[in-house]
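Please put together the full structure from these sequences, using the hints given.
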Amino acid sequence: MRAATAVAVSRSRTAAAPPRIVCEGVRHAYRSASGQETLALADVSLSFADGAFVCLLGPSGCGKTTLLNMIAGFLQPGAGTVAVDGRPVEGPSPDRGVVFQDYSLFPWLTVRGNVQFGLRMAGVPPRERRRVADDCLDRVGLAAAGGRYPFELSGGMKQRVAIARALAPGPRVLLMDEPFAALDALTRTSLQNDLLELHRRDAKTVVFVTHNIAEAIYLADRVVVMSPHPGRVIEDITVDIPRPRRRTAAAFNELYERLAAAIGVNALE
Amino acid sequence: MIRRLDPSALQGLAGALLFFAGWEALSRSGLVNAVMLPAPSTVVRSAWALLQVGELQSHLWASLGRALHGFAWGAGLGVLLGVAMARLPRLNGFTYPLVQMFRAIPALAFVPLAVFWFGIGETSKVFLIAWGVFFPTWVNTFIGVRDTSPLLARAGASLGARGWRMLAFVVLPGALPFIIAGLRISLSVALMILVAAELTGALFGVGYLIQMSQLVFRVDQMFVGLLVLGIMGFGTDLLFNHLIGRLLPWYGAERRQQQAARRSTP
Ligand SMILES: Nc1ncnc2c1ncn2[C@@H]1O[C@H](COP(=O)(O)OP(=O)(O)O)[C@@H](O)[C@H]1O
Ligand SMILES: [Mg+2]
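Residue numbers (my numbering), protein chains in the order written: chain A, 1 to 269; chain B, 1 to 266.
Among the hints, a few may not be true.
Anything over 10 Å on all C-beta distances counts as not near chain A; from chain B, calculated [unchecked claim]:
| # | residue |
| --- | --- |
| 1 | Ala21 |
| 2 | Arg90 |
| 3 | Leu151 |
| 4 | Arg165 |
| 5 | Leu248 |
Label-pair restraints from in silico Cβ distances [stated by the list, open to error]:
| # | chain 1 | residue 1 | chain 2 | residue 2 | range |
| --- | --- | --- | --- | --- | --- |
| 6 | B | Gly121 | A | Ala122 | 33 to 43 Å |
| 7 | A | Gly155 | B | Ile105 | 40 to 50 Å |
| 8 | B | Trp117 | A | Ala182 | 50 to 60 Å |
| 9 | B | Ala9 | A | Gly155 | 54 to 64 Å |
No wet-lab data here; the hints were simulated from the structure. Nothing here was measured: the structure is a model prediction, and the numbers come from that model. Glycine residues also receive a C-beta, built at the ideal position from the N, C-alpha and C atoms.
Okay, here's the thing in structure tokens:
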């Protein structure tokens, strides 16, 4: 019930507001040391509605990370434009939180120190940033772990900290690059559910990269399927399955077949 | 200090005991001249005598003070220049070949020159120690800062770290393991150069004690000097590691995890 209305809300928002992220004619080539060019992205145009949960799905090497890095501001497109809230992206910004596959936590900071990092850079006074950090840790279920160091945490906990750290400065966009790929199945499911709950509560725009078809269907409002050589968009599918989604439901499997066919049998694990 | 008496620790202890017992026996046996090779018990007695008149302490403090003084200068400048060169390509272009050139010359070779320039007083000793300490600190800091993890830099940038904040809150902490490794090497270098510098002349210092004892034919006191140097080297290393463990609890743990990971992936 609640989930169904959430979907309805995000639809109406789509209709009313301008898209949060717009990529237009984006192209990017990497040049190797020997001068050989890899066309990582060829003419990709996409826009992401405010509050949408979009998965970029595709086999390894199709340019998912490249596209995400451009939205994050780590990389400038060779041609075309990437704009967030109508302004071209010129570099990284705490407006766009990033969660990396390998966690990338600062090993020298405690969990709380990691989560406070963005607030500290923004000059938030200590008491306030501690309050916000503890609140974010609470939201990812790690209220008690604030004083621990990253090396004392399991992979799942590290990724929870990374999510809390990205959320703390209050970004409007959350960019996630295969964040759960290294986790075991049970931990992954639990993090997926928590991420959906976070998204339901504050409806940030989420761009989530994955090569896992079931994960994309389980999470996304919309799945953008990409293909390599050169990296491009080959399918763009709105996922209408009501939440909470069941991986055994007929609609789920139907969509799974369709996406698997789009990606090609070779890409299946 | 020893938390578990595992077999290897017991073996090590047994080996040391055997060594000193054999030495004691050899010195007492009359097979060698006991003046040239005093027994461990004689050395300990001499050390005790020197302690009682307060002489050993004066030597020890003089040496430690110098080592610390030179270490502070060398390490401070090494870290400073290492960071600056790794972050400023222009400065690096100008100075890198020069620094590498000086680094290639063994620091001990500068001892006579330093004595010639600064005399046999404190200045030449502090200069020499600082000179020797500078290079290992510099090279490690330089590499640590230059090879900042691009992933952590990205994480920092996406959280708003830029300019000096990126340097202070991401790059420098990230380089700390390297810097610490450099400082640790520098500590042993400092002690080595300290002794070399003191051998050229001083009024106090453990190196001076050894030198003087040779002149007055007190081999037992030379051994006391060696013993003290050993304890100094061992003690400073232990203290250094202890401090690192206390101040940076993540440092040792990270390293242990990486070593464990390396062991498990052949
Ligand atoms: N830094 C790089 N230098 C050269 N080629 C790269 C670099 N990064 C990615 N590529 C190439 O660009 C293509 C897209 O890479 P990427 O965006 O990482 O794909 P994905 O994240 O979908 O696996 C691949 O063919 C990859 O080999
Ligand atoms: Mg990737």
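Now for the hints, and whether the structure bears them out:
no.: 1; hint: Ala21; result: 44 Å, holds
no.: 2; hint: Arg90; result: 23 Å, holds
no.: 3; hint: Leu151; result: 5 Å, violated
no.: 4; hint: Arg165; result: 6 Å, violated
no.: 5; hint: Leu248; result: 7 Å, violated
no.: 6; hint: B:Gly121 <-> A:Ala122: 33 to 43 Å; result: 53 Å, violated
no.: 7; hint: A:Gly155 <-> B:Ile105: 40 to 50 Å; result: 48 Å, holds
no.: 8; hint: B:Trp117 <-> A:Ala182: 50 to 60 Å; result: 59 Å, holds
no.: 9; hint: B:Ala9 <-> A:Gly155: 54 to 64 Å; result: 35 Å, violated
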